[in-house]
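Asks: Sequence:
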Amino acid sequence: MHNFGFALFPETIADVRAWLDPLIKPYWCELEVPEYKRFWSDKQALLTAKHRGAGDDLQKLVSILHAAGETDCGLEDGRFYQLSTYNPNAHWDYRLIGGGYDRRIFHEETAQLGKQKGWDEDICENICRVQLLPENVHASIIITPDGQWHTSENFGCWLLEGPEYDRAWSAWLAHAQSLLIQYPTYIALGLDIHS
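Under this note's numbering, the sequence shown has 181 at position 181, and the numbering climbs by one with no breaks.
In short, the hints are calculated from the structure, not lab data.
Wrong hints could be hidden among the right ones.
Pair ranges (Cβ atoms, derived) [claimed, not checked]:
{"#": "1", "residue 1": "L159", "residue 2": "F39", "range": "18 to 26 Å"}
{"#": "2", "residue 1": "G147", "residue 2": "Y94", "range": "17 to 25 Å"}
{"#": "3", "residue 1": "L75", "residue 2": "P145", "range": "41 to 49 Å"}
Here are the computed lysine-lysine pairs in the DSBU-like style, where the Cα-Cα straight-line distance is at most 35 Å [unchecked claim]:
{"#": "4", "residue 1": "K25", "residue 2": "K115"}
{"#": "5", "residue 1": "K60", "residue 2": "K43"}
{"#": "6", "residue 1": "K37", "residue 2": "K50"}
{"#": "7", "residue 1": "K37", "residue 2": "K60"}
{"#": "8", "residue 1": "K117", "residue 2": "K25"}
{"#": "9", "residue 1": "K60", "residue 2": "K50"}
{"#": "10", "residue 1": "K25", "residue 2": "K43"}
{"#": "11", "residue 1": "K37", "residue 2": "K25"}
Just so you know, these numbers come straight off a predicted model, no measurement behind them.
Note that the Cβ used here is the ideal one computed from N, Cα and C, for glycine as well.
With the hints as extra help, turn the sequences into a complete structure.
Replies: Printed below as a string of structure tokens:
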């Protein structure tokens, strides 16, 4: 799924790409992390147990999986887990500056600043000072300068429909606005983020 996002940065940044990459790398789905136990939901574990012929017996599921050579799983405190090195904070697999949302937040004055600083053309065409962002343009992801990833997904926007979606989207927009007002002089970089 493609999402439109902003990464917020101060205009003092000399190399935007060199700044952006380490900021978002902790959220990359291909980033391997130290092995950990990824606990499954009860529903997921029980569905798998039934599918594998263990009924609702999770210990039997573990035995079946171990016998099949899948030894990276087990039970802890009655909960099924699988060992994983998949990044639990993953939010993206690739990103483009602009991409399918190219020039959505283009602002001439901010672009001129970028050109003076020697920023690449694709960056200059996809930046706007936060306080000058168009009111009718909304991002579903905002990456703040401290590297925190804020997303409408956390508000349930991708799971809901009708009035429930409207309420969730309104809550996200209020949260997004509360973030943006903290950085009025920073620059928003428009990103096409695929997850």
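Asks: Below or equal to 35 Å on CA atoms is what counts here, so check K60 against K43.
Replies: Holds - the C-alpha atoms of K43 and K60 are around 16 Å apart, at most 35 Å.
Asks: In this structure, is the beta-carbon distance linking L75 and P145 contained in 41 to 49 Å?
Replies: holds, 42 Å
Asks: Mind checking the hinted window 17 to 25 Å against the Cβ distance between G147 and Y94?
Replies: holds, 19 Å
Asks: Go ahead and decide if the range 18 to 26 Å is satisfied by the Cβ distance of L159 to F39.
Replies: Holds - the Cβ-Cβ distance for L159 and F39, about 21 Å, lies within 18 to 26 Å.
Asks: Starting from K117, check that the Cα of K25 is at most 35 Å away, please.
Replies: With Cα atoms ~24 Å apart, K117 and K25 stay inside 35 Å; holds.
Asks: Below or equal to 35 Å on CA atoms is what counts here, so check K37 against K25.
Replies: holds, 22 Å
Asks: Are the Cα atoms of K25 and K43 separated by 35 Å or less?
Replies: Since the Cα atoms of K25 and K43 sit roughly 31 Å apart, the hinted pair holds (cutoff 35 Å).
Asks: Need the status of pair K37, K60: alpha-carbon distance at most 35 Å?
Replies: holds, 19 Å
Asks: Hinted pair, alpha-carbon criterion (35 Å max): K25, K115. Please report holds or violated.
Replies: holds, 26 Å
Asks: Is the straight-line distance between the alpha-carbon of K60 and that of K50 35 Å or less?
Replies: holds, 10 Å
Asks: Between K37 and K50, is the straight-line Cα distance small enough, at 35 Å or below?
Replies: Holds - the C-alpha atoms of K50 and K37 are around 22 Å apart, at most 35 Å.
The structure shown violates none of the earlier numbered hints.
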